[in-house]
Amino acid sequence: MNRLKRFILLQSSPGDSASPRWPAIAGNLTLSFLILVSLFYFAFSQVTYQWAWGSVARYWYKFVYGWGVTVGISFLALAASLVVGLAFALAQRSRILILRYFSKMYVEVVRGTPLLVQILIFFYVVAESLQVRNRYVVGVLILAFFSAAYICEIIRGGIESVGRSQIDSARAVGLTRTQTYRYVIFPQAIRQILPSLTGQWVSLIKDSSLLSIISIREFTLNAQEVNAFTYSAFESYLPLAVGYLLLTLPISMWTRRLERKYRFET
Amino acid sequence: MVLDAVTLDTGDMHSLVFIGPSGGGKSTLLRIIGGLEVPDGGTVWVDGVQVSYSEADLIQYRRRLGMVFQAFNLFPHMTALQNITLPLEKVHGYSRSRAEDTGLQLLRRFHLEAHAHKRPAELSGGQRQRVAIVRAVSVKPRILLFDEPTSALDPEMTAEVLEVIEELKHEGRDMILVTHEMGFARAAAEQVVFLAEGRVVEHGEGSRIMVTPRQPVTREFLSKVMRY
Chain A
1 MNRLKRFILL
11 QSSPGDSASP
21 RWPAIAGNLT
31 LSFLILVSLF
41 YFAFSQVTYQ
51 WAWGSVARYW
61 YKFVYGWGVT
71 VGISFLALAA
81 SLVVGLAFAL
91 AQRSRILILR
101 YFSKMYVEVV
111 RGTPLLVQIL
121 IFFYVVAESL
131 QVRNRYVVGV
141 LILAFFSAAY
151 ICEIIRGGIE
161 SVGRSQIDSA
171 RAVGLTRTQT
181 YRYVIFPQAI
191 RQILPSLTGQ
201 WVSLIKDSSL
211 LSIISIREFT
221 LNAQEVNAFT
231 YSAFESYLPL
241 AVGYLLLTLP
251 ISMWTRRLER
261 KYRFET
Chain B
1 MVLDAVTLDT
11 GDMHSLVFIG
21 PSGGGKSTLL
31 RIIGGLEVPD
41 GGTVWVDGVQ
51 VSYSEADLIQ
61 YRRRLGMVFQ
71 AFNLFPHMTA
81 LQNITLPLEK
91 VHGYSRSRAE
101 DTGLQLLRRF
111 HLEAHAHKRP
121 AELSGGQRQR
131 VAIVRAVSVK
141 PRILLFDEPT
151 SALDPEMTAE
161 VLEVIEELKH
171 EGRDMILVTH
181 EMGFARAAAE
191 QVVFLAEGRV
201 VEHGEGSRIM
211 VTPRQPVTRE
221 FLSKVMRY
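Heads up: the protein sequence lines correspond to chains A and B, in order.
Okay, so the first sequence: first residue is 1 according to the numbering used here, each after it adds one.
Okay, so the second sequence: first residue is 1 according to the numbering used here, each after it adds one.
This is chain A alone, in the form it adopts within the complex:
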């Protein structure tokens, strides 16, 4: 009885460690996985559908290529959006009013409109007027500027989490504004920022699928093409889902590790 309880329940009675033992972890993980799989199995078995994996499997290289493009684009976009997001976050703390208001307005507009619309406008209007012809460059820029609005908020939150008394101390020892950011605010804010940042990366990877509408040959577009070539439906979309999970799962596990690490260190 006790053993069953120890398998099912999180042990939180005094004296017990708060995390479950490994057999309980492994067993319960497997069970959850099986439940999920059987739910899907049941759903798919209800629809009469002729699976034709063979025709799709011939195009495996398109999946691999598309997956690689998605990884590349989302990584470049993340790097660029860090720079842009930081600039917007600093602008919001600037003493120059126009910078503050511009940044605030930008963040609200970007966060309040669908990415789909932003992609279309940016690609057909902004990029066109700026004579940027390379759609991959445009794609990375769109994603970067989209994600920057969210990253700006993450960074701003991180900066604001550093208490007033820290800034007082920094001023009292005679640090300049720039030095205060560099030696006092940023090193402390990074603990707040890092976990949210990896979370944002996960969103960015999924959001990059929308770039397929401007014919960027990333993962989703390749799956759509295979779909069209083979007249299949699920056979190309299921690998798509798995492909995204392969990317997002490790990152979100890493996010949780970072969250735990920084929560205990403060």
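It should be emphasised that the hints constitute simulated quantities derived from the structure, not laboratory data.
Among the hints, a few may not be true.
[What the hints assert, rightly or not] Examples of chain A residues lying across from chain B (beta carbon under 10 Å, computed):
id : residue
1  : 115
2  : 168
3  : 170
4  : 171
5  : 174
Predicted model only: the values in this text are computed from it and were never measured.
The beta-carbon is built from N, C-alpha and C at its ideal position, and this holds for glycine as well.
Chain B: place on chain A using the hints.
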């Protein structure tokens, strides 16, 4: 408005203590003197020179002072030693090795050398405040400013921090203190200022005010806080 019509001429002296009820303007006055807060009006004179409250001048001005706050003085991501060497290196232009030598030497003097490489989270409240005091002293400030340095500490730690402050006073350091420790104020203050409702109610020699206050408000305050 926190402060109103504060006129204070201290003449030459080495230790000044602000006392008074909470919200009476003690900390605000200290922060104005310390160049952390800009007054809406009026002037502050230190060593016969008027303090300029433009931000550029304030940065220079603050560098000549040493300030210790109630709590959260230290930078939590740095060790005790790094907390001391940061201003020495980045503000006062010491080389790294000279900053570290100075820091270690001071930590040793205040019996903190065992904690040099610990972060604030690993130190007790009293140790943290003592490190903060070492940091303030390390730059050889013209005046040390203490803003309720023991308010967040238990009695034992309070004692160890007050001891350090007393030692600095005997060394001849000039200091201004805001404190609720009346016994300490009495022992350490050359001059005492009693502030209430943003005004200077009474100002005079420490030994005189603490024993025979002239103003009824001061008398009432002192009898209340001394009762226990």
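Consistency of the hints with the structure:
Given the 10 Å rule on beta carbons, the hint for residue 115 of chain A is violated: about 36 Å separates it from the nearest Cβ of chain B. With a cut of 10 Å, the hint placing residue 168 of chain A at the interface with chain B holds, because the nearest CB-to-CB distance is about 6 Å. Given hint, residue 170 of chain A at the interface with chain B, holds; its Cβ is 8 Å from that chain's nearest Cβ, closer than 10 Å. With its C-beta approaching chain B no nearer than about 6 Å, residue 171 of chain A sits inside the 10 Å limit, and its interface hint holds.
At about 4 Å, the closest approach between the beta carbon of residue 174 of chain A and any beta carbon in chain B falls short of 10 Å, and the interface hint on this residue holds.
In this structure, only the earlier hint numbered 1 is contradicted, and the remaining ones agree with it.
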